[in-house]
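Student: What follows is each chain in one-letter form.
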Amino acid sequence: MSKPKFAMYWAASCGGCEIAVLNIHEKILDVDANFDVVFWPVAMDAKYKDVEAMEDGSILLTLFNGGIRNDENEHIAHLLRKKSKILVAFGSCACEGCIPGLANFSPVKEIFDTAFSTISTDNPDNIRPQTHYAMPEGEITIPTLYPVLRTLDQVVDVDYYMPGCPPESHQIAAVIDLVIQVLQGKAELPPKGATIGAGNSTVCDECKRKRNEKTIKAFGRIQLIHADPELCLLEQGIPCNGPATRSGCDARCPSAGAQCIGCYGPAEGVVDYGARLIAAFASVIDSDKPEEIDRILDGLVDPAGQFYRFNLAGSLLKAAKPAWKSNGG
Amino acid sequence: MKEYAYFPGCSLEKMAVSYHLSALETTKKLGIKLKELEDWNCCGATTYFYIDELLAYTLCARNLAIAEKTGLDVVAPCSACYKNMYFTAAHLKKDADLAEHVNFALEEDNLQYNGNVNIKHLIEVFAQDVSAEEIKSKVTRPLEGIRVAPYYGCQIVRPQKEKEDVEQPQFFEGILSAIGATPVNYPLKMRCCGGSLIISSRTAALAMVRNLLQSAVDSQATVIATACPMCQVNLECYQQQVNQEFGTNFSFPVLYFTQLIGLAFGIPPKKLGIGKEFVSIAPSLLRAGQSKD
Amino acid sequence: MEKKEKIGVYVCHCGTNIAGVVNVGEVSTWAAENLKDQGVVVSRDYKFMCSSLGQELIQKDIKEYGLTRVVVAACSPHLHEATFRNACKGADLNPYLCELVSIREQASWVHTDKVAATEKSKALISGGVSRVVYNEPLEPLYVPIHPATLVVGGGISGIQAALEIADAGYRVYLVEREPSIGGHMAQFDKTFPTLDCSACILTPRMVQVGSHPNITLLTYSEIEKVEGYVGNFTVSIRKRARSVDEATCTGCGICWEKCPKKVVDNVFEAGMGNRKAIYVPFPQAVPKYPVIDRENCTFYIKGTCKACEKFCPTEAINFAQEDEIINVEVGNVILATGYDPFDARRITQYGYGRLANVFTSLEFERLSNAAGPTGGNIVLRDGKTVPKVVGIVHCVGSRDKNYNEYCSAICCMQSLKFAHLVHERTGAEIYNFYIDIRAPGKGYEEFYHRLLDEGTHFVRGKVAEISDAVRLPGEEGKLIIQVEDTLTGNQLRVPVDMAILSAGLEPRRDAKAVAKQFGISCSADGWLIERHPKLDPVATVTEGIYIAGCVQGPKDIPASVAQGAAAAARILGKIMQKEIALEPIRASIKEEQCSGCRICNNVCPFNAILFHEDKMVSEVNPALCQGCGTCVAACPAGAISGTGFSNQQILSQIEGLMLLNIKSHKETVPA
Amino acid sequence: MTEETKSFEPTIIGFTCNWCSYRAADMAGTARMKYAPNVRLIRLMCSGRLDPTFVFKAFASGADAVLISGCHPGDCHYISQNYKALRRFHLMKRVLTQLGIEPGRLKLLWASAAEGAIFASEITKFVEEVRALGPLNWPQPGEQVSTPIMEEVTA
Amino acid sequence: MTDTISFSQEVSNLLYAAEGEPLRTCIQCGTCSGTCPVAGYMDYTPRQIIALINAGNKEQVLESNTFWYCASCYHCTVRCPQKINITELMYALKRYSIWKGQHKEGLIGPTFSEAFVKMIVRGGRSFEPVLAPSYIFSLNLREMLQEVTNATELLLKGRLPVLPARIKRIDSFKRMIGRIIPMGGLE
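Chains as they are written, first to last, in numbering that gives the first Met the number 0: chain G, 0 to 328; chain A, 0 to 292; chain B, 0 to 670; chain X, 0 to 154; chain D, 0 to 186.
Bear in mind the hints are in silico, worked out from the structure with no lab data behind them.
Note that this is a predicted model, so its numbers are computed, not measured.
For each residue, glycine too, the CB sits at the ideal point set by N, CA and C.
Honestly, I wouldn't trust all of these hints.
Partial list, derived from the structure: chain A residues whose beta carbon lies under 10 Å from chain B [claimed, not checked]:
#	residue
1	V129
2	Q159
3	D164
4	E166
5	Y185
6	P186
7	L187
8	N210
9	Q213
10	S214
11	D217
Kindly generate the complete structure, drawing on both the sequences and the hints.
Tutor: Dropping the structure here:
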């Protein structure tokens, strides 16, 4: 019997997820031993037409990383959905938009202007890329950019979510183990829609720092605060996203003295990640006077960035109004 | 060295020149520099506010704007100037609309007031910014045995700024004790001298002066100390009129607190403007510290 | 959704109250057609849904259609939610599966545009239907009531409350901070307007408390910690060391007679008299045992003396005694901690503390008290001169935004009482300076008339200042009260020998801390807040915590006694019920999702959230939880859920209100 | 005001607490005060229950504005929870502004049970303010937003 | 809305910028009048003025000398239990009365104030001798003599200026004032 088929794809993302997969070291050999890798553009040569030619549902497991930013992303998302039994939104970008999703603050025109017409770009004629261009060799096309970035599950049905920017290698290894065990009939798959390779609680669960009841008199940026290494960062006024962020990373950042920035996304059952933090932070501000509240909030320099760094595209509002409206809507 | 922007006010140019002189002398001794505001204008006393509020605020704001450029705290020795500047600054800070109007006018004089000036009364400099120890350390001729009635008057503490004690403050007494004098219990120390009424409502003002002088006599003081040119002129220069009006016989010296400090610091009386008063001061005061009689 | 709910929608006409504006027939048909996908299986409109026929209609449908959810579009839930929930209960449907939609107060009564009101009603019903799908069956929470009661404060209000409950046969723990109960009333000489001797009417009550078998009296004690909830409080009480063994002490008084150390008594005697370092505050004190004031006792300062120990016939002195922590279990609490008198020093222009013959009301009470330091002789500060002219200043610290804005309620009558006592004992000329005379009690106005008849001068005007600055003949050596007689418009200078400042009442300095300890709150003024100012004056928002007397606001003795008795009655009612049903609207924390971040811990003003250090998780105590849902919203992990108002219910209701649940909707969300 | 905005009827989701502001709405009804029909209310036990998720959900579901109302500061039935609502309101406003949503679309209204008149007049006022801001039109889930726009920006 | 506004409303409009509670909250306790050092000279005490304003008795208020006797000592203001800014009220009444040209006969205050402000507007600083004509003729003979004696003594002691003081940037100063009030009004 032939080995089950495996695919991995890189849409709108940085590539860190791919590195994280390779970072599982010798475990990667298990993948090769147990799977027939049929499509993994970053690791091997493959053509879309080969995938298109596959039978529907013939790929057992596809790890899809990156959000959907252009028509090529979307096309491949649909294609891989059709060809895969299990489609995993792999990494923060596919799950919730991640850093590329921050572009949803800005209309596409601004993005293009920034990319092609600012001082850092040597583009005296202000040339912009064309989606179709006739060359002597024939017409070439490049993908068309969409007004906003969408998460994978806003485009196709997703079976599992694996959060992280990137997912921790030990978690990847554990998931691969699990799938192999399932193949061997030793384990069962979690229910559809589940988050895999992460915990159900939040980063605080894994954080070793001491914590007390919270009252915040001032917020400040971490570089400006001489933080107590033992004490909860949030209590020291450092806006740490740990309380709202899904566990699974072993509280890497707080253990290293930096605040959690939320790459593992919302905890189980949470509808809007940023809303949780807005409610939580605001609840423990130590003032009842509007002016004083404002003064304390001034310490949060970029609240939307603080609360939606990884989650903007996956949030309830998904994008800022200028980004939506650039669509002429 | 501490430095302040100094707003002398119109009275100190002539009428209260001794206050001006003694203020400069005593502060100098304490290592404080009073730098006169360039091209200041009259604060308006109470009178601007009788006519037009906006005008009054604008004229005060002009001085504030000039002061703001120096980056220093402003010091006013006159209580009326102080009160006008302090509350103009407070109002402008609170009322953005008013500030906009005022700044519109100030543009004509190439000025702009941004609300960043602290205003102090001269006596606050001595009471708050300088410690009693510092004052004591400069005293060479302590005014021992001199009973002084500390006259606060109105507008140093009134209307109330934040939660200060407006009924029984003690800072003036503190300064007097520091120079070795004996501050007496002066029950009317917070009562008005009628300065703004002396022209318009003479009889009332003279009666107020009478009460203050009587109370000073009753409290067995030898001299009244003031911190305001209006109060000084009113209490001192109108004693004859009071005597004519009420059949009294007052001849009670009234000095600026800075003159008393100056004497205790051993500054020659002339440099303190002593000699310009209507009621000569008791020789004992001039002798104080030299021979302890 | 695996199992589809079966929902019945009922649109009430409320006569023409709703039907006159909202097209109820159209709304009902619309719901049947458009909310089918949500599970609506029947939709009706009816003249009066709240009538027994209307209710029967719902009950019949529940049975016939097997309805699992009911939505009634009618009046405000504050009016008839209970009615329809009971109707559902009658048909064996859990009452919490019924949802009321207000289309009367929120549509027909407030809108004139019939079309808009009808469309809004549809949206509101759509919201209700979307919400009710996620309603869960709930059961009320029953908790048993411990029959013992804690009374904090042994003034007249606390005494009354304690006696009422104890007489009914239940245990009372009465905790008092001072060495004796009695409160301010014990300091007074006479009570207005009857001029009863204060001690004569109070002492028997104090004795009753001291000897009551159902009352455990803990004086010289303070509340350390309060845990638990209605019916089941655990209270830690710190019983401070008296240095006297209560079991052996007989209260004979030899010790304080022999004690060589005199101390100015700033508490009971208001600084007017002395006591010893070992003392009972006053002869009739309950309990009779003295305490050693360790701050002033020579032995504690220098290590020698022990005069009391030497002379004590029963060897009751125990210098080594330590504070004791006593834990008691109680079902209910009454806070009757009283008031502090306004500190007259704060109004410096009245000269108290600076001018010798300015007295406060409490000083005058001691001065006029036959058991007081002067034996009831009203004299000046020199201890001998009888005043010839006395001025009584009303509203000191009251009705003044610079101090307290409120009227202290008792000062007018107190001042009249003072005037009467001065008149009776000295024959002096008396001036009352008042803003308004407030004499609203039984016999109070008559007392005022009596004073007018006695020839007391009443000058209507708030005193501007009191000084010793002489101006006119006849003022020498006097205090001059300067005031406008507002009835004549004249400014007066009234020379007096003695000025009495009728000081107002203020919340206790630690009222805020006490309130926080017991999970209730203070008004901006600092008085503890009652549940309802008119209809529930002795209960608080926290079940099981009651307030009585001046802790709730300034009041006189009869009102304080009435409140003490009222609070006792409320508690006896609870004790009789044996258990109490609490609304099941509660928050709860999913332990596996809680990471113990502790954000929620002090979000709760009722101290209902506990943090388990060992498991590093927080937990909601359901009996303490009042169901506000603030912690649910605050939890960053989404680990707290709230019954009755769950996220799912509300998010679904939003979709319903926006008609997102209806596939064909186009008109409401413009393209 | 253009003809278009005049005809625009905003839809507003309102959150009230059970004790003061919902009763203010009841009071407005009982007194037959009239106000604009654009607000659809959701009753919570306390304004402290107000989860920012609800606000974002309302906007995302097509609401043009959101009203939050509760007991006056100091009068909260649950002692101090309305202050939490106040703080969240302040923070939400900041985030909404960054997301390009006019802060005027989120209103905080304190209303006691006796203030039916204030509740009514404030709602009418709010509706007018939102009408002036125009429709928000947040895209609905599943609504097509993927119009290719490359041509638009090419030179 | 009616076209005319009540006198009490006019007065409270004048006080819009001042801190303090509105006059209608006055409880008529008399603290202000009990405190006032000049109350004995006033036609109505400050408390009565507030009552008259609240009652809308405009003529009685404007015809009274009360507010011209106010010495701006602020003692009433700091003591008022209702935190009414009584001193500012007195200022407002002075302004109102000058603005309407309606005040009691024989008062020095209004003419003196105008003369003072004109002086400042012209020169930027105070110069006492220029003020004398605005009031000296309103005094009786004895008072006039007293003033002259005083002035002479001040002059002898070097305490009276001989030349009017002026600020340097007088032109821009005048333009500045022009932005606040039409110069014709005071020039």
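Student: Confirm or reject each hint.
Tutor: Tested hints:
With its C-beta approaching chain B no nearer than about 26 Å, V129 (chain A) sits outside the 10 Å limit, and its interface hint is violated. Taking 10 Å as the C-beta cut-off, the interface hint given for Q159 (chain A) holds, the closest approach to chain B being about 9 Å. With its C-beta approaching chain B no nearer than about 7 Å, D164 (chain A) sits inside the 10 Å limit, and its interface hint holds. With a cut of 10 Å, the hint placing E166 (chain A) at the interface with chain B holds, because the nearest CB-to-CB distance is about 4 Å.
The interface hint given for Y185 (chain A) is met, as the beta carbon of that residue sits about 9 Å from the closest beta carbon of chain B, less than 10 Å. The beta carbon of P186 (chain A) is positioned within 10 Å of a beta carbon in chain B (closest approach about 4 Å), and the interface hint is therefore held. Against a cut-off of 10 Å between C-beta atoms, the interface hint on L187 (chain A) holds, since the closest Cβ of chain B lies about 5 Å away. The restraint placing N210 (chain A) at the interface with chain B holds, with a minimum CB-CB distance near 6 Å, inside the 10 Å limit.
For Q213 (chain A), the suggested interface contact is upheld, since its CB lies about 7 Å from the closest CB of chain B, less than 10 Å. Annotation: interface hint on S214 (chain A) holds; nearest CB of chain B at approximately 5 Å, less than 10 Å. The interface hint given for D217 (chain A) holds, since its Cβ lies 6 Å from the closest Cβ of chain B, which is under the 10 Å cut-off.
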